[in-house]
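Participant: Residue-level listing of the chains:
Number of protein chains: 4
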Amino acid sequence: MTSPTTPVRIALIGSGRIGQVHALSIHRAEGAVLQVVADPFVSGAEQVVARFGGRATTDALEAITADDVDAVVVASPTPTHVDLIAACLDAGKPVLCEKPIDLDITRVDGLRARAASASSVPVALGFNRRFDPHFAELHRRVTAGEVGPLEQLTITSRDPAPAPEDYIKVSGGIFRDMTIHDFDTARWFVPDVVAVTAVGLRQFSDVIAKHDDFDGAIVTLVGAGGQSVTITNSRHCAAGYDQRLEATGPLGTLSVGNVTDTLVRSSNGTSGDAGAAFQTFFLERYSQAYSAELEAFLVAVRGGEMTSPGYEDGRAALLLADAAGVSAREGRTVRVDLTA
Amino acid sequence: MTSPTTPVRIALIGSGRIGQVHALSIHRAEGAVLQVVADPFVSGAEQVVARFGGRATTDALEAITADDVDAVVVASPTPTHVDLIAACLDAGKPVLCEKPIDLDITRVDGLRARAASASSVPVALGFNRRFDPHFAELHRRVTAGEVGPLEQLTITSRDPAPAPEDYIKVSGGIFRDMTIHDFDTARWFVPDVVAVTAVGLRQFSDVIAKHDDFDGAIVTLVGAGGQSVTITNSRHCAAGYDQRLEATGPLGTLSVGNVTDTLVRSSNGTSGDAGAAFQTFFLERYSQAYSAELEAFLVAVRGGEMTSPGYEDGRAALLLADAAGVSAREGRTVRVDLTA
Amino acid sequence: MTSPTTPVRIALIGSGRIGQVHALSIHRAEGAVLQVVADPFVSGAEQVVARFGGRATTDALEAITADDVDAVVVASPTPTHVDLIAACLDAGKPVLCEKPIDLDITRVDGLRARAASASSVPVALGFNRRFDPHFAELHRRVTAGEVGPLEQLTITSRDPAPAPEDYIKVSGGIFRDMTIHDFDTARWFVPDVVAVTAVGLRQFSDVIAKHDDFDGAIVTLVGAGGQSVTITNSRHCAAGYDQRLEATGPLGTLSVGNVTDTLVRSSNGTSGDAGAAFQTFFLERYSQAYSAELEAFLVAVRGGEMTSPGYEDGRAALLLADAAGVSAREGRTVRVDLTA
Amino acid sequence: MTSPTTPVRIALIGSGRIGQVHALSIHRAEGAVLQVVADPFVSGAEQVVARFGGRATTDALEAITADDVDAVVVASPTPTHVDLIAACLDAGKPVLCEKPIDLDITRVDGLRARAASASSVPVALGFNRRFDPHFAELHRRVTAGEVGPLEQLTITSRDPAPAPEDYIKVSGGIFRDMTIHDFDTARWFVPDVVAVTAVGLRQFSDVIAKHDDFDGAIVTLVGAGGQSVTITNSRHCAAGYDQRLEATGPLGTLSVGNVTDTLVRSSNGTSGDAGAAFQTFFLERYSQAYSAELEAFLVAVRGGEMTSPGYEDGRAALLLADAAGVSAREGRTVRVDLTA
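Residue numbers (my numbering), protein chains in the order written: chain U, 1 to 340; chain P, 1 to 340; chain Y, 1 to 340; chain V, 1 to 340.
No lab work stands behind these hints, which were simulated from the structure alone.
Treat the hints loosely; a few may be bogus.
Unchecked claim - Here are the in silico distance ranges between beta carbons for each label pair:
hint : chain 1 : residue 1 : chain 2 : residue 2 : range
1    : P       : T106      : U       : T307      : 53 to 63 Å
2    : V       : G303      : U       : E46       : 25 to 35 Å
3    : P       : A144      : V       : A340      : 28 to 38 Å
4    : V       : V299      : U       : A50       : 45 to 55 Å
5    : U       : S43       : V       : P40       : 45 to 55 Å
6    : U       : L283      : V       : A163      : 22 to 32 Å
7    : U       : F41       : V       : P40       : 32 to 42 Å
8    : Y       : D212      : V       : P149      : 18 to 28 Å
9    : V       : G303      : P       : A144      : 49 to 59 Å
Unchecked claim - Partial list, computed: chain Y residues near chain U (C-beta under 10 Å):
hint : residue
10   : A238
11   : D242
12   : S266
Even for Gly, the Cβ is constructed at its ideal location relative to N, Cα and C.
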């Protein structure tokens with residue numbers, strides 16, 4: 001670990017879109033420095049290094065084990081996550097890994113014991129929504145009791161447009177690919193979900209239907225305390241990336257609507273008090289969240305409190321996704337035990 | 001039928017809270033007059049008559065069959081509805097009857113054929129939400145294609161506080177008593193519902209649980225066209241009567257938030273741009289709807305288009321309520337055929 | 001005066017647009033009846049009578065003095081107001097007269113002493129904005145001290161489009177014709193205005209400029225207690241009738257934005273959370289206010305508290321309009337004494 | 001000038017609150033580096049250097065003239081601005097100087113010719129509001145013609161609380177200290193102001209009154225094209241820093257309301273849809289603006305377009321402030337010629 005005054009030296013694995021986002025967050029953080037960027041396509045790593053400093057490599061393991069690296073950020077493709085987290089655990093290097101851990105629960109379970117036993121090495125999962133300042137403020141106020149014990153949580157989560165067919169094919173299906181974020185948001189408020197009732201929708205995409213997947217879903221979770229969480233998903237949304245949250249308890253309701261790039265509002269002969277359409281997609285909507293996610297990880301790296309979602313959270317989200325798949329296909333509520 | 005220039009003479013059955021609302025609507029309508037008010041507790045009828053004119057009686061049948069009565073508004077207790085509608089059909093008098101037709105589908109089905117065959121006698125059901133100007137405008141714009149083919153409808157519907165235990169006992173349960181309004185709203189947009197998935201909630205009321213009822217519910221309906229309707233219910237809400245509607249299709253989203261008594265907004269050291277809490281309950285929230293509901297009924301009475309929900313709509317809402325009860329208790333999706 | 005249970009019998013003078021609004025308010029009020037409608041164009045009076053009852057006449061004086069008339073509503077052209085109010089005072093009949101009293105302060109002053117001495121006969125002026133439920137709620141909360149002592153009041157008041165040239169010619173100019181409403185609103189909060197600073201604008205209308213009038217104005221009033229009132233006027237507004245109010249004191253700000261016909265909001269690829277354009281003009285925007293104005297007048301007619309603006313308020317608004325004209329033309333602040 | 005790939009090396013003069021804001025902006029910018037920080041209180045400079053790198057000095061002139069410095073940011077006290085800008089001009093170093101240039105128009109005019117002739121050396125004035133993303137978007141859309149030719153601009157600008165008496169004494173008065181920002185905002189939309197009508201207010205502060213200053217003001221500007229700009233100022237505001245902008249033309253209105261730290265909204269038994277109070281003060285409200293202001297300056301430093309407000313803008317704002325002072329004291333409109 002490093003002292004507060006020494007910058008944390010970070011290895012970044014992956015230099016794609018998300019990798020570049022993390023590189024920018026590292027550049028902007030006061031107490032971090034980008035030490036090495038690893039990507040098998042080394043030109044991508046080199047471009048990141050040209051903007052933000054550090055050295056480029058094609059070898060992720062070399063980067064993870066390097067002496068001048070204090071911590072690792074994994075932004076490579078999903079199938080590499082389990083092995084890279086394992087390598088970080090071996091090297092004793094704190095790791096912030098993009099979600100999901102894996103699409104296959106057996107692979108996730110394979111590393112589970114080691115991740116748990118190596119509890120002194122922080123393993124943070126990139127469920128970025130927990131770090132959105134607006135959602136986090138809502139969570140803080142719910143936790144502080146402002147609405148009383150939470151009763152009903154409503155998550156609206158619509159993508160602007162479907163991913164290309166090549167991605168849909170390997171995505172693992174809507175529940176493991178898209179709803180998984182919402183499952184983590186749900187568990188942020190209601191960790192102990194006990195029942196999953198999912199309705200899969202086929203509303204607009206023949207391509208998605210062809211791959212036996214859903215283009216929308218309505219999921220109802222129930223927590224051990226009787227709380228309900230309702231998730232509304234769609235793979236398209238005309239106004240942009242629709243990301244809303246609403247929490248209700250006996251004392252009131254707290255909500256967060258869509259964030260827009262501008263607060264300018266317009267009134268004219270057609271409409272009144274019109275705002276901007278929603279932000280385009282996650283890179284815009286969660287830009288602040290990516291920075292805050294890194295800052296929280298840096299606190300844990302320096303030995304402070306670990307507030308990031310961890311390995312067990314990544315596993316629980318996947319379990320809920322699998323349960324939702326069963327529920328939607330069989331038309332029945334599925335009971336789950338996330339603690340087993 | 002009456003000519004446009006002759007006021008429609010109306011018999012009002014029932015002088016309780018809802019009866020008084022209808023009496024006021026009749027008073028304010030330009031083309032209607034309150035002719036007779038019937039209530040077994042005649043003093044209630046007399047008070048209404050003192051305010052708005054007409055004569056009082058204890059005998060509903062006498063009022064319905066009176067020669068100087070053109071149409072009937074039924075605002076008496078639910079168990080009387082089927083018989084009173086039947087009496088109106090016998091007398092050939094158009095009737096606007098408060099919902100529900102009955103809590104028992106067999107009683108509803110018993111009158112179904114006659115209600116259908118007497119199609120020249122308008123039977124309007126008091127699903128007032130269809131006449132709320134804001135919901136009606138949203139419906140008009142969805143029907144006009146503004147969002148494209150409807151994909152996802154979201155209904156939020158929370159009562160301010162539970163009814164007294166004496167009422168809960170005989171209410172027929174949350175789905176037949178409370179959600180029934182939302183089922184009708186759902187069918188207003190998606191008439192041909194084919195699947196009902198309901199999750200019953202027990203979140204705060206031991207009294208309601210004692211009567212084997214739910215104090216909240218999340219219901220997902222699917223229409224023949226693949227549309228989803230999500231209903232969020234609670235028997236309490238700190239901010240008042242929570243009544244919202246949101247419709248999404250490929251071209252956009254239309255929504256109606258809560259109506260407030262005042263548009264005054266406040267900013268101070270504690271909060272910014274704060275509006276009023278929601279309106280207290282249905283008498284306030286749907287005051288305009290009650291008037292519009294009567295106006296629409298008057299159009300049908302005068303031989304114009306029947307735009308009000310009718311007997312079949314009342315029956316369909318009850319069928320959905322019964323299906324939701326089965327779904328919630330058995331933890332499975334229930335298929336329905338409203339056309340059978 | 002009449003007892004609470006006897007309807008107040010009203011003579012309506014004038015059957016134009018505003019006269020019809022008052023006729024509808026009288027019809028809807030529980031304790032009032034339209035007894036007679038007077039208009040030199042008797043067919044207008046007859047049409048109103050056909051809808052709402054009563055008798056038609058061409059003779060306003062006959063209507064005012066009729067034995068079966070308890071109170072008078074004057075909605076005839078401005079030049080008739082002073083004489084009709086005088087006739088009501090002579091007849092001892094409470095009168096609700098549309099604003100302004102007159103465009104000429106000397107004519108207003110001519111009746112001032114009689115209006116004051118006949119204080120047992122209520123003379124109410126139709127400054128309808130005081131009865132808008134939203135503005136009235138804001139006023140109530142300011143008066144109750146919610147923002148502390150009022151410091152800054154901001155009135156935004158834009159007409160949708162200029163009146164025709166024929167009207168502009170005889171309107172008395174923007175300050176006496178349009179701003180006069182805002183002067184009364186200002187005095188509702190700050191009765192004792194002591195200084196008027198007006199800037200007249202010529203922004204878009206050659207027609208208005210030709211008549212040496214302004215098509216917009218910014219007026220700053222200062223009260224005896226140091227309060228400021230800022231009025232922004234324009235003779236056109238693309239989004240409709242722009243009517244807003246904002247009051248600030250040391251403890252906070254209260255505001256009322258534009259009222260819209262519908263609460264439906266829309267999000268799509270172009271804009272987000274877009275509401276309706278503003279209401280068209282005063283008949284729509286102040287429809288509730290006209291009813292409330294009549295209800296308040298009925299209270300005074302029945303001997304209750306007189307809460308309506310009265311003769312002195314009508315005079316004060318005209319004095320401020322005249323002062324604003326001087327200020328705008330001479331480029332200087334004009335001191336006024338409304339109590340002289 | 002530097003090439004796009006070489007970071008611009010910056011000397012920062014002043015390490016107080018604003019200096020630290022600029023240091024953070026420099027740290028976060030991709031193409032800039034903090035080279036030297038100068039402050040006579042060298043410990044302040046040393047603290048900034050410890051966070052963001054560079055060297056500390058007590059000697060501003062040494063910093064400005066250093067060979068390894070490409071550009072200068074001046075964040076020292078107002079009386080030093082003229083001399084420091086002059087030194088930058090002498091050294092041929094682009095400078096971004098905090099507003100105002102000086103409180104004395106004769107000192108500003110003294111450097112005017114040199115600032116104009118050295119046009120190859122960018123002199124940017126720190127009127128940060130032009131770089132607020134929301135105000136800038138509104139400006140962009142007005143300039144693009146969305147509302148048609150601008151007619152009425154409304155600026156609401158209230159500080160959260162008065163500065164301490166020691167500051168008030170030397171502030172130059174409300175118009176030169178506070179309204180000066182609003183004058184620049186006004187000129188951003190309407191550069192050629194021709195008339196100033198100001199009403200000074202004394203509403204709450206005996207301290208401010210004691211120094212013959214105003215604690216609030218209403219200022220109306222008129223542009224050469226007949227446009228109006230209305231500025232509402234107060235030295236206190238319960239809800240925080242009140243910063244709003246509204247622009248109206250024949251085609252519509254565009255507005256920007258207050259920015260809040262969080263989008264969480266709350267509904268409960270007391271209020272509905274309540275947002276957060278406004279941000280505390282300028283450091284929070286304009287944090288994005290400070291970064292964007294630096295980015296725009298860097299573009300000019302690199303030889304790109306100069307989009308920042310410059311020396312003439314700083315002078316014009318001061319001229320309007322002086323005219324407002326005359327107007328408020330003498331109760332008359334003051335004509336100005338900003339081009340003379």
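Participant: Hint by hint, say whether it matches the structure.
Facilitator: Tested hints:
1. T106(P) <-> T307(U): 53 to 63 Å: Given a distance of about 58 Å, which is inside 53 to 63 Å, the answer is holds.
2. G303(V) <-> E46(U): 25 to 35 Å: 27 Å, holds
3. A144(P) <-> A340(V): 28 to 38 Å: Since the Cβ atoms of A144(P) and A340(V) sit about 59 Å apart, the hinted range of 28 to 38 Å is violated.
4. V299(V) <-> A50(U): 45 to 55 Å: 20 Å, violated
5. S43(U) <-> P40(V): 45 to 55 Å: Because 49 Å falls inside the window, the suggested range holds.
6. L283(U) <-> A163(V): 22 to 32 Å: Since the Cβ atoms of L283(U) and A163(V) sit about 41 Å apart, the hinted range of 22 to 32 Å is violated.
7. F41(U) <-> P40(V): 32 to 42 Å: Roughly 52 Å apart at Cβ, these two residues miss the hinted range, so it is violated.
8. D212(Y) <-> P149(V): 18 to 28 Å: 23 Å, holds
9. G303(V) <-> A144(P): 49 to 59 Å: 54 Å, holds
10. A238: Hint holds; A238(Y) Cβ to chain U Cβ min 5 Å, cut 10 Å.
11. D242: 8 Å, holds
12. S266: 7 Å, holds
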